[in-house]
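> For chain D, the structure is supplied; the task is to place chain U on it using the hints.
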Amino acid sequence: AQTVTQSQPEMSVQEAETVTLSCTYDTSENNYYLFWYKQPPSRQMILVIRQEAYKQQNATENRFSVNFQKAAKSFSLKISDSQLGDTAMYFCAFRLHQGAQKLVFGQGTRLTINP
Amino acid sequence: SQTIHQWPATLVQPVGSPLSLECTVEGTSNPNLYWYRQAAGRGLQLLFYSVGIGQISSEVPQNLSASRPQDRQFILSSKKLLLSDSGFYLCAWSVPPGIRETQYFGPGTRLLVL
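As they're listed, the protein sequences go chains D and U.
In case it helps, this note's numbering puts the first sequence at residues 1 to 115.
In case it helps, this note's numbering puts the second sequence at residues 1001 to 1114.
One thing to keep in mind: the hints can contain errors.
Unchecked claim - Partial chain D-side listing against chain U, Cβ under 7 Å, derived:
hint, residue
1, Gln44
2, Met45
3, Lys102
4, Gly108
No lab work stands behind these hints, which were simulated from the structure alone.
Where is the CB? At the ideal position from N, CA and C, for every residue including glycine.
Bound-form chain D, shown alone:
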């Protein structure tokens, strides 16, 4: 079974700083997808960024980028020039390319951006 681990329950940084959230996962499969979702106080889950395991190039979306290390099974999220609106729970998630359609989530990291 696949598992996702986020080792940082909470993080706090000052506005405009850069912050990196950690995620590791465990799987014996070779083809899969990784995601970061953001859950603000409204509790709606919002997709931040997606990475296909077969791609060596790290995904980027504006101020958000990932460091995908397939051999180490690591998938960290870097937020540059952090903004107050980035304050939220961040969840790392894993999905296999084939088979069951489910997302496996980590426990989340609560990120607070301070003014």
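Leaving out everything else, chain U in the frame of chain D:
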């Protein structure tokens, strides 16, 4: 563009009462549909998913059931609620097939069982 709706937004129910949560998707056809539950301070756990009308897969044994009476409608039900059913319920959709399949979530329903 696609949108996903869930209702009610908040629900307070007594133990032993029935439950019906509804999820509908607009702007797409034949989506995959999912029900997740999020306990307080925890990550999401998949409860059910559906790849078509009448096709339901259950991930965990529990007090809940799901149905898909129409292509873009997904319903989560219970005959008798338990205290442990309290939580935040999220519906999600994705458009198969494809390697870029991504799940998009609705606004969620907060359920409190007393």
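> If a hint holds in the structure, say so; if it does not, say that too.
Each hint, compared with the structure:
1. Gln44: holds (5 Å)
2. Met45: holds (4 Å)
3. Lys102: The hint holds - Lys102 of chain D has a Cβ within 7 Å of chain U, the shortest such distance being about 4 Å.
4. Gly108: With a closest approach of 6 Å, the Gly108 of chain D hint holds.
Comparing the model with each numbered hint stated earlier shows that all of them hold.
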